[in-house]
Amino acid sequence: MTAFGKLIRTTAFRLTLVYLFLFALFAASLLGYFAWNTRRLINEQITTTVNAETAEINDIYTRVGLRGLVFTVGNRALRPGSNLYLVTTPTGQAIGGNVGSLAPGVMASTGWSEIRYRRLDEQDVAEHRALVLVTELTNGFRLLVGRDLDERRRLFGIVANAAQWSLLVVIVLGIGGGVFVSRRVLQRIDAMTGTTRRIMDGDLSGRLPVGRSGDELDRLAENLNAMLERIEALMTGLKEVSDNIAHDLKTPLTRLRNRAEEALASSGSEAEYRGALERIIEESDGLIRTFNALLMIARAESGQARGNMDDFDAAEVARGIHELYEPLAEDDGMTLRVRTTPVPLHGNRELISQALANLVENAIKYGKPSPVVQPLDPVAAMRAREILIEARREGEHVLLSVTDHGPGIPESDRKHAVERFVRLEASRTLPGSGLGLSLAAAVATLHGGELRLGDSHPGLTATLVIPALISGGDRLAVQTQDMPQKVA
Amino acid sequence: MCGAVAPWCEKAAPVTAILPPSQMRLLIIEDDRESADYLVKAFREVGHVADLASDGEEGLAMADGGDYDVLVVDRMLPKRDGLSVIGSLRERGNRTPVLILSALGQVDDRIKGLRAGGDDYLPKPYSFAELQARVEVLSRRNVGPAEETSYRVGDLELDRLSHRVTRGKDELTLQPREFRLLEYLMKHAGQVVTRTMLLENVWDYHFDPQTNVIDVHISRLRSKIDKGFERPLLHTIRGAGYMIRDGLR
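Protein sequence lines, in the order shown, are assigned to chains B and X. Just so we're aligned, residue 1 is where the first sequence starts under our numbering, counting upward by one. Just so we're aligned, residue 1 is where the second sequence starts under our numbering, counting upward by one.
Don't read these hints as lab results, they were simulated from the structure. Possibly wrong hints are sitting among the right ones.
[Unchecked claim] Using 30 Å as the maximum straight-line C-alpha spacing, the simulated DSS-like pairs for lysine-lysine come out as follows:
1) B:LYS239 <-> B:LYS415
2) X:LYS124 <-> B:LYS250
3) B:LYS239 <-> X:LYS124
[Stated by the list, open to error] Listed next, with one range per pair, are the computed distances between beta-carbon atoms:
4) B:SER242 <-> X:GLY93: 47 to 53 Å
5) B:SER242 <-> X:ASP215: 33 to 39 Å
6) B:GLY237 <-> X:SER150: 54 to 60 Å
[As the list claims (entries may be wrong)] A few chain B residues that don't get close to chain X, going by computed Cβ distances all over 12 Å:
7) ASP59
8) GLU222
9) GLY286
10) THR290
11) ASN292
12) ARG299
13) ALA329
14) ASP331
15) ALA380
Heads up, the beta-carbon is just placed ideally off N, CA and C, and yes, glycines get one too.
Working from the sequences, and respecting the hints, build out all of it.
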């Protein structure tokens with residue numbers, strides 16, 4: 001497309017054309033109205049003058065007779081810029097006035113008419129137009145009094161001229177302005193197009209230019225930039241994830257393959273084969289679990305699980321998870337406690353339970369106090385081995401938290417810890433898929449909330465912060481239930 | 001140790017041997033030839049009769065005509081998908097228990113499957129031990145004994161109305177959850193109950209914990225009902241799950 005073609009296709013240019021047409025129409029009608037009114041005014045003036053003069057001459061004729069009439073007419077005809085006069089006999093012969101020639105038949109009918117004539121006293125032989133009144137005097141004489149229409153013609157000329165010029169000015173200014181505005185818009189759009197094309201070519205770091213005027217294009221550019229920001233973050237995340245998946249799934253797959261190969265190569269007993277097969281099944285079960293967790297995270301992140309939302313009490317979820325994990329914690333030498341207030345919540349009960357279960361499993365696995373800093377005081381030692389599940393409401397949010405007193409996660413590692421497959425240095429030796437916190441975070445995000453990792457001096461507090469969409473919190477009497485773990 | 005997928009890996013007491021086979025007639029509707037053949041063979045090995053249909057239309061016709069104890073239906077089938085097969089059967093008043101097998105394993109898929117008329121749902125890949133245990137529990141539902149008010153296994157008795165549990169002359173004190181766990185085990189006495197089945201039916205959770213939570217609960221329960229008694233009643237079936245039964249081994 002040529003530059004000009006692009007220019008005239010812009011919205012700004014098309015709008016300019018529409019306005020141009022409208023303005024031209026307006027100017028034309030204004031001038032037309034002016035011209036028409038002027039003509040009416042001039043005609044009215046002529047009519048009045050001619051009527052008065054006719055009456056006057058008629059009066060003179062009545063009083064003084066034909067001689068007086070001819071004298072008066074002759075006199076008046078000689079004045080500069082005079083009206084037109086003509087007196088004819090009953091036979092049609094001119095006996096006075098300043099009209100040279102006349103179209104035939106004009107004197108035959110009385111009343112108003114517009115005629116062409118030539119003056120007697122002028123050198124030029126051009127025909128003029130005039131508005132005349134023919135009246136019949138007594139005795140068959142006729143009198144013509146009229147006024148030249150040259151003035152009216154000249155006025156029309158001026159108006160027509162003005163119309164032409166104004167139209168020209170309107171068109172020139174309009175097109176000029178249109179081109180100017182369109183080019184400005186086009187330049188900015190071209191800049192944007194250039195950037196988007198670079199982005200489409202793969203350079204995700206490109207951003208649209210944003211001007212300082214804050215107009216609609218700037219706002220659009222700002223929004224698009226925010227969108228690009230998000231896309232870039234997602235793409236980077238996706239890349240990291242696929243790298244991690246490749247690594248974390250290939251490792252167990254390699255182990256699986258190696259085991260099968262090793263078993264095949266050795267000429268072992270049936271028991272040895274059996275053992276190898278069992279290990280292979282164990283390994284593949286682990287892989288299946290990892291896959292399930294990944295799918296679950298993907299589901300939660302894409303928002304597909306939003307279908308199964310209902311209202312329930314988050315405190316019940318907390319107590320349920322406490323009940324499920326309390327024996328396990330105890331077997332591991334930990335104490336699992338729960339403290340809840342009734343907190344109604346709208347969400348996916350199953351997913352929130354699982355997220356909380358993951359946090360508790362993490363706390364049991366990684367939340368043991370490190371032996372080096374083991375306090376000697378028995379009360380403090382007890383406290384250090386305690387894991388607390390809490391469900392409470394804080395403002396507009398429901399908080400489900402799990403607090404342990406283990407080594408915690410250093411502030412700098414917290415963001416990192418939530419990512420898929422990340423297993424912090426300290427936990428690498430322990431079993432686990434590295435997906436627990438990712439799933440918890442994805443579930444929180446699905447519910448419009450977040451997973452917060454904080455410090456419990458010492459230890460980790462992992463909190464699912466979920467917006468409470470039900471306002472019924474006050475409905476239930478707020479009561480604190482402290483359920484110390486039961487010793488079975 | 002046995003993996004979760006190998007029913008035959010238990011040498012001392014394979015699942016086959018410990019189940020006096022109350023033989024079942026099964027219909028497997030599955031289009032993947034290899035998994036279908038595997039299922040038919042595995043079910044026959046443990047003493048059941050298994051027929052095979054390889055698409056939805058054939059499956060519907062066979063299920064309608066035959067007198068099966070349980071149907072095992074894959075969700076994605078040629079000609080007619082699994083959920084529609086189940087829907088048509090239920091419309092015609094056929095109440096045969098159905099277990100749905102599907103690669104779609106998320107909670108909402110499960111709910112969709114159960115709403116369509118399925119009785120149980122097992123995501124792929126599954127272990128045969130898990131499938132077998134679930135199918136056997138479903139089948140018993142088909143026979144339909146009325147919900148009893150008390151269960152008895154050996155000298156262990158559980159009264160569902162008064163929530164009392166006694167073994168011989170001793171009264172046992174159980175936590176509410178332990179009571180429900182025992183109740184479920186005793187309801188399916190003589191049948192293998194897997195960990196996921198317990199998690200689903202006793203706790204109503206459908207996720208897969210990464211740790212052995214259920215084992216810990218079972219060992220607590222076991223310490224209450226079996227400790228100090230000569231004959232253990234609560235048995236671990238390696239590679240499969242648990243079973244409550246009098247006179248095993």
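Hint check:
1. B:LYS239 <-> B:LYS415: holds, 17 Å
2. X:LYS124 <-> B:LYS250: holds, 21 Å
3. B:LYS239 <-> X:LYS124: holds, 28 Å
4. B:SER242 <-> X:GLY93: 47 to 53 Å: holds, 50 Å
5. B:SER242 <-> X:ASP215: 33 to 39 Å: holds, 35 Å
6. B:GLY237 <-> X:SER150: 54 to 60 Å: Holds: the Cβ-Cβ distance is about 57 Å, inside 54 to 60 Å.
7. ASP59: With a cut-off of 12 Å, B:ASP59 remains clear of chain X, as the shortest Cβ separation is near 111 Å.
8. GLU222: Per Cβ check, B:GLU222 is outside 12 Å of chain X; nearest 37 Å; holds.
9. GLY286: violated, 10 Å
10. THR290: violated, 10 Å
11. ASN292: violated, 6 Å
12. ARG299: violated, 6 Å
13. ALA329: violated, 9 Å
14. ASP331: B:ASP331 is in fact no farther than 12 Å from some Cβ atom of chain X, at 5 Å.
15. ALA380: The assertion about B:ALA380 holds, with a minimum of 27 Å to chain X.
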